[in-house]
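Engineer: Letter by letter, the chains look like this.
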Amino acid sequence: MAELTLLEAINDCFHVELGRDPDVMILGEDVGRAGGVFRATAGLRDRFGPDRCFDTPLAEAGIMGAAVGLCMAGWRPVCEMQYDAFSYPSLDQLITHVGRYRWRTGGKMRFPITVRMPYGGGVRAPELHDDSPEAYYVHTPGVKVAIPSTPADAKGLLAAAIRSDDPVVLFEPKLHYRTMRGEVPEGEHVVELGKARLAREGTDVSLIAYGSMVLLCEQVADELAGECSCEVLDVRTLKPLDEDALLATAAKTGRVVVVQEAPRTAGYGAELVAVLAEKAMLDLRGPVLRVTGYDVPYPYWQIEDAYMPSVQRVANAARKLLEY
Amino acid sequence: MAELTLLEAINDCFHVELGRDPDVMILGEDVGRAGGVFRATAGLRDRFGPDRCFDTPLAEAGIMGAAVGLCMAGWRPVCEMQYDAFSYPSLDQLITHVGRYRWRTGGKMRFPITVRMPYGGGVRAPELHDDSPEAYYVHTPGVKVAIPSTPADAKGLLAAAIRSDDPVVLFEPKLHYRTMRGEVPEGEHVVELGKARLAREGTDVSLIAYGSMVLLCEQVADELAGECSCEVLDVRTLKPLDEDALLATAAKTGRVVVVQEAPRTAGYGAELVAVLAEKAMLDLRGPVLRVTGYDVPYPYWQIEDAYMPSVQRVANAARKLLEY
Amino acid sequence: MAQVLPAERDLRRVIGDGDAVPDGEVDGLTEQDLLELYRSLVLLRTYDERSVVYHRQGRIGTYAIFWNHEAMQAGSVYALEDEDWIFPSYRESAIALLRGMPASVILQWWRGHPSGWWNPADYNVAAICVPIATHVPHAAGLAWGKKLRGESAVAIAYFGDGATSEGAFHEGANFAAVTGAPLVLFCNNNQWAISTPITAQTRAKALVDKAVGYGIPGIRVDGGDVLAVYEATREAVARARTGGGPTMIEAVTYRAAPHATADDPSAYIDLARVEEETRNECVGRYERYLERLGIAVDPQIKVKAQETMRRGIAEAEAEPPADMSLVFDHAHVEPLPSFESELRELRGG
Amino acid sequence: MAQVLPAERDLRRVIGDGDAVPDGEVDGLTEQDLLELYRSLVLLRTYDERSVVYHRQGRIGTYAIFWNHEAMQAGSVYALEDEDWIFPSYRESAIALLRGMPASVILQWWRGHPSGWWNPADYNVAAICVPIATHVPHAAGLAWGKKLRGESAVAIAYFGDGATSEGAFHEGANFAAVTGAPLVLFCNNNQWAISTPITAQTRAKALVDKAVGYGIPGIRVDGGDVLAVYEATREAVARARTGGGPTMIEAVTYRAAPHATADDPSAYIDLARVEEETRNECVGRYERYLERLGIAVDPQIKVKAQETMRRGIAEAEAEPPADMSLVFDHAHVEPLPSFESELRELRGG
Ligand SMILES: Cc1ncc(C[n+]2csc(CCOP(=O)(O)OP(=O)(O)O)c2C)c(N)n1
Ligand SMILES: Cc1ncc(C[n+]2csc(CCOP(=O)(O)OP(=O)(O)O)c2C)c(N)n1
Ligand SMILES: [Mg+2]
Ligand SMILES: [Mg+2]
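If you read the sequences in order, they're chains D, U, R and F.
For what it's worth, our numbering labels the leading residue of the first sequence as 1, then goes sequentially.
For what it's worth, our numbering labels the leading residue of the second sequence as 1001, then goes sequentially.
For what it's worth, our numbering labels the leading residue of the third sequence as 2001, then goes sequentially.
For what it's worth, our numbering labels the leading residue of the fourth sequence as 3001, then goes sequentially.
Bound conformation, chain D alone (with noise of 0.2 Å):
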């Protein structure tokens, strides 16, 4: 296995991926030419020539819808969304489309697109380059969501989803793209959708995180060492939600921490919670925390850390959850 950063491990993706079907083809700003603003289509152009890795035109509904249509024409789609609050405009072709057009045909049609987008904050960009949209994507009817966390998950999900014959919306921690590395297995490498992973085993407290998050929370379980032991569930895919592996941590420990990078009104946190408030209520030995980002535009980047669940937010979340 090679040692990847999460970038690279996209990137060698898109090689297999591409590769091996001769039907997958990227289309989005800037992928071609520039192998992405942040490289992660870098010489598929040049290797799979300029219609099967396309700069478009500037404009996402654009790139949304026609990979609607792409689908009718037996394309598998892979839109690149530049940044997540970039994706915004192509939201109304998500909801009315792309999550419906295979309902729409009663089944007979299959609209296999993938999207994804560099998401989250921390990385001291200009507004508008931070946003963790994924509330907006699970709560779309039709639409599959997944988040890694790690250079392995990264390539496996992404490959999943290429490979899924539903559309699915993948988010990449941008603050993570070149700065963790870690073992990727060569060649053909699939993930399936809808299992969360255990990324620590613990037994006194539940860290429940997704993307960026994870790795905050695997830092507060080391702040925590000499404390309790923490188990931190990676959910990896959000929608559909591995419902046993979260059911199954919450009843280890019965205390549960959600951490969130998002706003926390109606983010995708609540949703974790409200499971566990309806399924996990006789395990759960105190209320289940939430530790997320506010309900406000994600702040200028002087004060960003700020905004962001940190550390020691999570920290104070776990003992509160302790002492209860």
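Mixed in with the good hints there might be a few duds.
Below, a list of computed lysine to any residue pairs in the SDA-like style, where the Cα atoms sit at most 20 Å apart [said to hold, decoys possible]: (1) 279/D <-> 2343/R; (2) 1279/U <-> 322/D; (3) 320/D <-> 3341/F; (4) 3302/F <-> 3101/F; (5) 1279/U <-> 281/D; (6) 108/D <-> 2083/R.
Computed, partial: chain D to chain R, Cβ under 8 Å [as the list claims (entries may be wrong)]: (7) 59; (8) 75; (9) 108; (10) 165; (11) 240.
With the Cβ distance kept under 8 Å, some of the chain U side facing chain F (calculated, not the full set) [unchecked claim]: (12) 1057; (13) 1068; (14) 1069; (15) 1070; (16) 1072; (17) 1074; (18) 1096; (19) 1101; (20) 1141; (21) 1142.
Bear in mind the hints are in silico, worked out from the structure with no lab data behind them.
The structure presented is a predicted model; accordingly, all values stated were derived computationally and were not measured.
Positions of the beta carbon are idealized from the N, C-alpha and C atoms, including for glycine.
Chain D is fixed; fit chains U, R and F with the ligands onto it per the hints.
Structural biologist: Coordinates of chains U, R and F with the ligands only, in the frame set by chain D:
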């Protein structure tokens, strides 16, 4: 007090508010000449002129974006989206600008935008005339959201939205537009944002809902009258949420069913449950149950009733809690 | 690549008025073709008129009337090959009749019954698009995708005058132009978007002026003239199929009927104008043209169309009620784990 | 209403090349004006060049370079009155310098410090727009709103060639046209959108061709010629102010620098072309023009601009760190109830 339908109450509010404040203007598709496809804005173009009740081009993002600029010129725009699902093209402007522009000016400018739209199903309409998209809006920082369930509140919350210096999005239960009548105060009538309404007092189970689901919950309360006493809380303002009212009813009954028409996953109901799971754990005598729409495209209308939370489904949930 | 033509502002017209304007003809059309076009017109007209009646009888739901839009639909579809893809809006809900789709399917769509949902690949007709203009990028993507595969199919997308104000129209048209997609952008300019007149929709003198901004040819045609529409579409299709990329066609007509069964236009429309347009409606115009040419039309054409509708509504109404399981079916290829228990709960189990 | 002009495809040009192309002049501009324009050019150029250095020194964050775009910004702003509103994209981040905004404010914006956020009404300069084209409808709304109030202010929105592909551009332009809003749609066509060349962005021969589709006049101008830009904008502003509605200006230039400090164009750009464009960059062109006219420029202009930047960065760096409370402040006029306890928690209380 006059007995008005929900629609008449909205129209009445507009007559009062446009008469009261010359800066208020309405813009949207077919709001002028036709008085709106539901006639919510009937008579306003004639009374206040075509500039204050303006028929826009067919472009929802344009409407929402123009409203931002209109605020900068000193107007208080009220945008009509013709139907729930046709608001999606405007989400980009909502998320990137409406909710952030005040913050972006360091609090120096105000964006008193009201966005309103008919929402929800049950009206035997072709697809995309039935959505309940409130979660997308509630999750958006900088935006407040309210949903009336009675004619009086339809008037009062709209007036509050128009007078609010913050952007407010209102969803109006179209199912009850013409069928629900109620007493509506004449002249100026404002219902403060952020206050829930106790629709029905009870002692055994709390049914928590908003919009068209409130009436359903009242029907459930009737249905269960022989078995138990249901309290019905009309959340009314989704953001800011009246947490006190939510916690009070949970403390009172210890049994909570949250009802939402929108698809289940990451809907607003999850937020209500999450608040309870964090802050009312000791009061709860059982799990918090959700009765919701399903995670599917809103169905063709011949089977839409199967999608909708029904008296039976809500009653069953309440009974389950009573047996717990 | 075909030369990029400037957009035409003059309305192309073939059918005269039996008086000052002489009749023209379209190269290569036989009497057989002319009668075939007539059959299409009658079928659509009959579908539309019967649908309004069925709606009044409570047998279908809200319905978007396309009376006086038949020439645009019939003329343009006649210029297509079967392999070519049609992307209709709600205004062209019955266009698949011209590809042999049973009337019952479309009636079921308006009845809110799942058997009204079809497989686009069966007729090369996409689903009816309800949100304005959002299908334009789909058509661009399909056409581009076909071209990438080396297939010869062309696509046509139908949309209204109001639709040209939407970002989706713009992005789709530009995508098609840039990729050289074999696409016909067919604008039904009926001069109204519900209650909003074309003058409140655009400041352009002609909608086809937009073509210039995408670097593609534009053609403006009398939308009530089935032959002019046919001819214009044939030209656009030929260009598309030979690698010349998209063409925008603006077909100018007038919405002489309400927007839909739920609409009452008396509040906003000029009734004298409606009356005038009604007198000049497209099916009658074509009938008079055929008459002037001395081409007799078989009265069976209308009888058969009526028969098609009678059978259509009967078949639709005979369909068993949809099962609740359809709430969950087809949302995904791999269903969500929750669906099974939810369906059980729904069945009261 | 002013007559609607067809879009021009020929590049308007005033400054010659000192050789084959003769110098022109702009009616009504005094030597004083010419020097004022020079001062603006130098200020912007200095801001830009210093910013790249500050970025390298780690004193500001990622920065969108506007080298060789100064003539478009300086020329157009000079055609405005103070009451007129400017809607910049990130490419015009420093344009408010021309309205007297301290350099420190803009530097703070790029430093991610809240004192970089200003009140648009203080300078009639809207916030820097980061998402492409989404400010076009804002500018349309502001201009329309001013007109509705009977005020005489005009607005100008700056956007790139790539931006013309976005639905937001289209919807905003159409809104402005339909409402007759006094708006100048100023397209900086630098022929690149990051790595995407204009040929992959549009099939139109000229971006200004889009104006026709909105029924508004279009002007194409040499974007490296500050006088031609001034003159074109003056014409558009005059038309807007006298009720003639919007005009689209396409200013053609070339992005001779990277898209932003994070970008490495060597992978996609033609370096010979960049070199050629660099030799012909807009500030030098204007300096040579003034020289040919025999107008001496005060060397203090450059010195002062350097001084402005030194003071700007010093002031920015002297600003105290932002308080965490700013995470919550300003999100709403009426804050959410949760904010108080959240801030307390954040302060570790
Ligand atoms: C995105 C969207 N917004 C609004 C509507 C509601 N609506 C349905 S038809 C219509 C008018 C369409 O006018 P036009 O494009 O001219 O087509 P026509 O109906 O005249 O054929 C509107 C506003 C919609 N269906 N989709
Ligand atoms: C909606 C949106 N999509 C994508 C981006 C990312 N992005 C930033 S600049 C840029 C290229 C813009 O090109 P152009 O409009 O020509 O302006 P220029 O940068 O050349 O001045 C892109 C794609 C963005 N900022 N907003
Ligand atoms: Mg129309
Ligand atoms: Mg550019």
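Engineer: Of the numbered hints stated previously, which ones are contradicted by the structure, given in increasing order?
Structural biologist: As far as the earlier hints go, not one is violated by this structure.
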